[in-house]
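Q: This note's numbering applies: residue 1 is where the sequence shown begins, and numbers increase by one.
Keep in mind the hints are simulated off the structure, nothing from the lab.
It is possible that some hints are incorrect.
[As the list claims (entries may be wrong)] DEER-style ranges, computed between Cβ atoms: (1) Gly427 x Leu479: 31 to 37 Å; (2) Leu208 x Ile474: 22 to 28 Å; (3) Leu444 x Ser224: 27 to 33 Å; (4) Leu451 x Pro229: 46 to 52 Å; (5) Val231 x Gln389: 28 to 34 Å; (6) Ile175 x Ala315: 30 to 36 Å; (7) Lys37 x Lys486: 19 to 25 Å; (8) Val447 x Ala153: 53 to 59 Å.
[What the hints assert, rightly or not] Keeping only pairs whose Cα atoms sit at most 30 Å apart, straight-line, the calculated BS3-like set for lysine-lysine is: (9) Lys263 x Lys486; (10) Lys37 x Lys318; (11) Lys33 x Lys263; (12) Lys486 x Lys33; (13) Lys464 x Lys33; (14) Lys464 x Lys37.
Keep in mind the model is a prediction, meaning the values are calculated, not measured.
Beta carbons: idealized from backbone N, C-alpha and C, even for Gly.
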Amino acid sequence: MVTEGTAAESVSVSAPGGAENPHDARVAAFGYKQELKRTLRFFSLFALSFSIVSISTGIFLNYGFAINQFGGAAIWTWPIAAVGQIVMALLIAELSTKIPLAGYAYQWGARLVGSTYGWYTGFFGLLYMSITGGAIILLGATPLLFNALGIDAPDGLILGVAIAILLFTVAINIISVQLAARVNNVAVVAEIIGTVLLAITVIVAFGLYTGDGGGTTANLWNTSGTAGPGVGHFVMAGLLGIYTMVGFELSADLTEEAVDSQKAVPRAVLTGVIGSAVLGMVALICFTVAMPDLGAAQASDAPIVTIAEYYLPAAVVKTFVVVVAFSMIALVIATQAAQSRLMYSMGRDNMLPFSRHFRAVNGRTRTPVRALIVGGVISVCFMTYGFLQTDSFTTLVGATSIAPYVVYLLIVGSYMRRRPTLAAAPGAFKLGRFGVPLMIVGLLWIVSALLILTIPSDFHGAVKVVAGATVLAILWHLLVLRGRIKRREAGVALLAATPQR
């Protein structure tokens, strides 16, 4: 463990002699032993980013909310969110090459500002990942599976099956990171089949449809939301993209398991969010044009299914739904992997309660098994809490969106302050003179997104979840962690201040 010190005492980022390869050398330069196994190549990292963004999850969960706010025209909020998140991806891609460590949120905040700051960035990252798994399984995958089976399941059964599926995702990660990666590689195909191919199939069927009714291109400009007209509802409809296009940065959380991290991680981050943005827009246009009845879609619990079943046989639609449910489960597998690496990273710096357990790596599987198990239990707790609320959707999905944008705010704010002093790794991705304007745009975007996610009264339940968890984080810091950091028993060294090249 490296403890926090002055700039003069900070570690150098040059590779020490004797390391196994240049990437392990950079880990050693930050004061850590390379314990995780480097097996992930670009496609696996891209699959991680793409499957965590999961356009299937975002569209199936949030399309109904969006069209109720602003009709079919709600889909034009998607490109706005896409541009904002691509800016974030560019900044994260560059930063990932300068601090190539597991536990991205914690390590970046701690190295750029200090261990206390890192604690809070890491905490909000953990909060995001802990809520996400439960939210997606409870609100998305499990109901879709029951829908495909034609079962009208009681709420208690849905919760029980959701818990079982979540624990299954933990087991996959415990077996090996390679198995989790293979599942996510398949999930890329599932995402494309389950949402994009379904959308294209629906739009082709719409083009061939000769009966009465059917969709119309006028749906793209229809602003008839059930919540009422106005700019405010267009802004609320923007949650379709704001909710969906997060998590692409989590491939950086597995940097220490990447074979060529300096090139593969930035490419994975960027292609993950850009690919999701483009394919998601294609799917949204197809579904909206084909929508035969806006009112029926707005009233449906699963408007995408309602639209598809108008043109396609029920059995075909159910097959697509099963594929979408699989992609959601794969999303949670990827999220659990990233969550455990963040816990592992914070544990090896003694930042968590019972840190020695979280930093333990299984000698056979080379995975942080205890971190995976505890992370899974925490996710089950959040899932159960959300299930017991009056509105599970806004509580869980809202909270799982607020937390990552807080992480983005903390990371970009600290990176803006330190970027001019940080040397770029040789041959690594860099923004050059575009870095500063992109940071300004990024900050404006993050603040706007956070205002949309917190001000409306519908999301005050989600705000309470985040606020309550933050109180616990503050108490842990004040009562225990502050003393550990002061005694140099926890934390990290700051990055050396060297001019950027």
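Q: State, for the Cβ atoms of Leu444 and Ser224, whether the hinted interval 27 to 33 Å holds or is violated.
A: For Ser224 against Leu444, whose Cβ atoms are near 31 Å apart, the range 27 to 33 Å holds.
Q: Keeping to a limit of 30 Å between CA atoms, is the pair of Lys263 and Lys486 held or broken?
A: Answer violated: Lys263 to Lys486 is near 37 Å, above 30 Å.
Q: Please verify whether Lys486 and Lys33 have alpha carbons no more than 30 Å apart.
A: Given pair Lys486, Lys33 holds - Cα atoms ~24 Å apart, limit 30 Å.
Q: Return holds or violated for the Cβ distance of Val231 and Gln389 against the range 28 to 34 Å.
A: holds, 29 Å
Q: Is 31 to 37 Å a correct range for the gap between the Cβ atoms of Gly427 and Leu479?
A: About 45 Å separates the Cβ atoms of Gly427 and Leu479, which means 31 to 37 Å is violated.
Q: Tell me if the straight-line CA distance from Lys464 to Lys33 falls inside 30 Å.
A: violated, 39 Å
Q: Is Lys33 close enough to Lys263, meaning Cα to Cα at most 30 Å?
A: holds, 21 Å
Q: Take the C-beta atom of Lys37 and the C-beta atom of Lys486, compute their distance, and say whether it sits inside 19 to 25 Å.
A: violated, 35 Å
Q: Do the beta carbons of Ile175 and Ala315 sit within 30 to 36 Å of each other?
A: holds, 33 Å
Q: Taking only the CA atoms, is the gap from Lys464 to Lys37 under or equal to 30 Å?
A: violated, 39 Å
Q: Against the 30 Å threshold, does the CA-CA distance of Lys37 and Lys318 hold or violate the hint?
A: Measuring from Cα to Cα gives roughly 39 Å; hence the hint is violated.
Q: Holds or violated: the 46 to 52 Å window for the beta-carbon distance between Leu451 and Pro229?
A: Given range 46 to 52 Å: violated, Cβ gap about 21 Å.
The structure fails hints 1, 2, 4, 7, 8, 9, 10, 13 and 14 (numbered hints given earlier, in ascending order).
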